[in-house]
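J.: The whole structure should be built from the sequences, with the hints applied where relevant.
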Amino acid sequence: MPLNEERPTSTSTVASEDKNSDTESSERCDSLTWSSDVDCSRQSFTSDSSSKHNSPSCSPPKTLTLDEVMASARDLSNLSLAHEIVVNRNFHLEPPDLPQNILEKRVKEMVHKAFWDFLETELNDDPPEYDYAIKLLEEIRDTLLSFLNPGANRLRTQIMEVLDMDLIRQQADNNAVDIQGLLSYIINTMGKFCAPVRDDEIKKLKENSGDLLTLFKEIFRVLDLMKMDMVNFTIQSLRPELQRQSVEYERAKFQSILERTPSALDHTTEWIQSSIEEATRVMRDKSSDSGQSGKPLPGPTLVLNTAYIRLLTWDESKGPLPETVMTDEVRLQEMQRSLQLYQAGASVLLIVYSSIGGAVSGLPALVERLKKMTAVLLEGMHNFNLTEALGNVSAQICCEVNKSLAERNLPALPAELQETLKGQICDITQENNPIRTLVEGRVQQYFRVVLASTNSHRTPPPVPPGLGLIQPELMGLGVSFVNLVNFNKKVYGPFYVSILKNLLFIDMQAPTPQNGIIQGPPSSPLESK
1 MPLNEERPTS TSTVASEDKN SDTESSERCD SLTWSSDVDC SRQSFTSDSS
51 SKHNSPSCSP PKTLTLDEVM ASARDLSNLS LAHEIVVNRN FHLEPPDLPQ
101 NILEKRVKEM VHKAFWDFLE TELNDDPPEY DYAIKLLEEI RDTLLSFLNP
151 GANRLRTQIM EVLDMDLIRQ QADNNAVDIQ GLLSYIINTM GKFCAPVRDD
201 EIKKLKENSG DLLTLFKEIF RVLDLMKMDM VNFTIQSLRP ELQRQSVEYE
251 RAKFQSILER TPSALDHTTE WIQSSIEEAT RVMRDKSSDS GQSGKPLPGP
301 TLVLNTAYIR LLTWDESKGP LPETVMTDEV RLQEMQRSLQ LYQAGASVLL
351 IVYSSIGGAV SGLPALVERL KKMTAVLLEG MHNFNLTEAL GNVSAQICCE
401 VNKSLAERNL PALPAELQET LKGQICDITQ ENNPIRTLVE GRVQQYFRVV
451 LASTNSHRTP PPVPPGLGLI QPELMGLGVS FVNLVNFNKK VYGPFYVSIL
501 KNLLFIDMQA PTPQNGIIQG PPSSPLESK
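Take the sequence shown: its letters are residues 1 to 529, numbered as in UniProt numbering.
Treat the hints with care, since some could be wrong.
As the list claims (entries may be wrong) - Under the rule of at most 16 Å between Cα atoms (straight-line distance), these lysine to aspartate or glutamate pairs were calculated in the EDC-like manner:
(1) Lys403 - Glu388
(2) Lys227 - Glu259
(3) Lys135 - Glu109
(4) Lys227 - Glu139
(5) Lys217 - Glu277
Stated by the list, open to error - Computed beta-carbon distance windows for the label pairs:
(6) Glu161 - Gln243: 54 to 62 Å
(7) Gly357 - Glu407: 15 to 23 Å
(8) Gln396 - Arg337: 16 to 24 Å
(9) Glu407 - Thr459: 34 to 42 Å
(10) Leu103 - Glu407: 53 to 61 Å
These are calculated hints, taken from the structure and not from any lab test.
Computed from a predicted structure; not experimentally measured.
Beta carbons are placed, not taken as given, at the ideal position from N, Cα and C, and that holds for glycine.
T.: Here is the structure:
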């Protein structure tokens, strides 16, 4: 915590996670597919001797008390806050900004107005009354002292001597108190504590020649800003330590929630169960195509990779997210929106190339312009009629292409071709549209490769054919996604091991690999990908 000689730097504005944050996260999760935490749990596939901390408890259903519910809520809140501080380098707190029509804000404004009106009445009395002003001075003193660390004894003593409440009350009783002088000292002291970003606010306070009431209000306003700066400075200071201990801390918090609420892994279990079924179907289809016999069983890594990829297309209307990814809910939603935007853009551009490729081939500047224009027009596509938006996109594309053709002294696109192009672009809203199906399938293929690669967080693999137009965006998203997945595996890997053991390997014989396909339970969760 900063002293008067140590001023916190200005906090950054809240922003979405950038690539630097992804890189920072990737350094902590270097080459992480299954961490040492999961390696320690490998024996749980062949033994029941796993520790309590490394596997979820199997308590029978029970009725929760209110204290248990509140304790779990506190643990979840602490878990979410710590996770956000660790994974989001731009995370910081801001003063609450309540909507105007909310009851809480109206009540707060009424109470504050009543207090300030009463203070104004006291200060305007003849002689003035200082009871409420002294209470405010005492609150200001305590706030200033809270900015000090335990070693700032000299400044602490000075503040206590100048803002000695007993002495000030005696002076007030004798009408000899200098409130203006005390406020000037307070403002100068605030200038020693504040972050550089607040220097202009302190300057305005020093130049304030208004009445005492206005000065009190402004001092408290700036003190509130300084409190928030101090909180954010503390967050920045704690982040390196939290990063070193984040995995153990988050796992311990989730374990405590699980001990109080045994059903805290129900949705996660359903998520993994459905992923096992999906991975099994895919493997059986491949086995049938290759003429292999038997009932192939997917390995743990393949199951988890399938499960994570499903998060990119998760429909929350059909069920909540798994409990183990709830701390990343906002990030996953942003990734979903970005991926849908990229897929729509790629589908549009593929249709343009297939329909009027000759008009745009060899013109990278035109293609880039069409790509950016499509992205802008489809931004926020979840909030409006997509078919109508795609109609606007096709109209703008035809306009841009015709403009380019005119600049090269070539005839414009025929009206029939423009109508055909518009119809094909609008048709990508249909789920069975071949272009849409092709793009979505190759995107899924790309993310499977990303998760299967051990170095994709540093060097993402190239995108499949047909996705070259969105390669930079897709590779950036892939890095963000694999960092999220790697960190999640590191924290919740032991819980996944226990669930996979129960779902995959109970009452089953030792593994019998055939042609690279596991026919039974592997001896290690790393055996299959």
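J.: With reference to the structure, classify each hint as holding or not holding.
T.: Results of checking the hints against the structure:
1. Lys403 - Glu388: 23 Å, violated
2. Lys227 - Glu259: 36 Å, violated
3. Lys135 - Glu109: 20 Å, violated
4. Lys227 - Glu139: Answer holds: Lys227 to Glu139 is near 13 Å, not above 16 Å.
5. Lys217 - Glu277: Distance of about 63 Å is beyond 16 Å: violated.
6. Glu161 - Gln243: 54 to 62 Å: Violated: the Cβ-Cβ distance is about 42 Å, outside 54 to 62 Å.
7. Gly357 - Glu407: 15 to 23 Å: 18 Å, holds
8. Gln396 - Arg337: 16 to 24 Å: Hint holds: Cβ distance 21 Å, inside 16 to 24 Å.
9. Glu407 - Thr459: 34 to 42 Å: 40 Å, holds
10. Leu103 - Glu407: 53 to 61 Å: 60 Å Cβ-Cβ, so the 53 to 61 Å window holds.
In the structure shown, a violation is registered for the earlier hints numbered 1, 2, 3, 5, 6, in ascending order.
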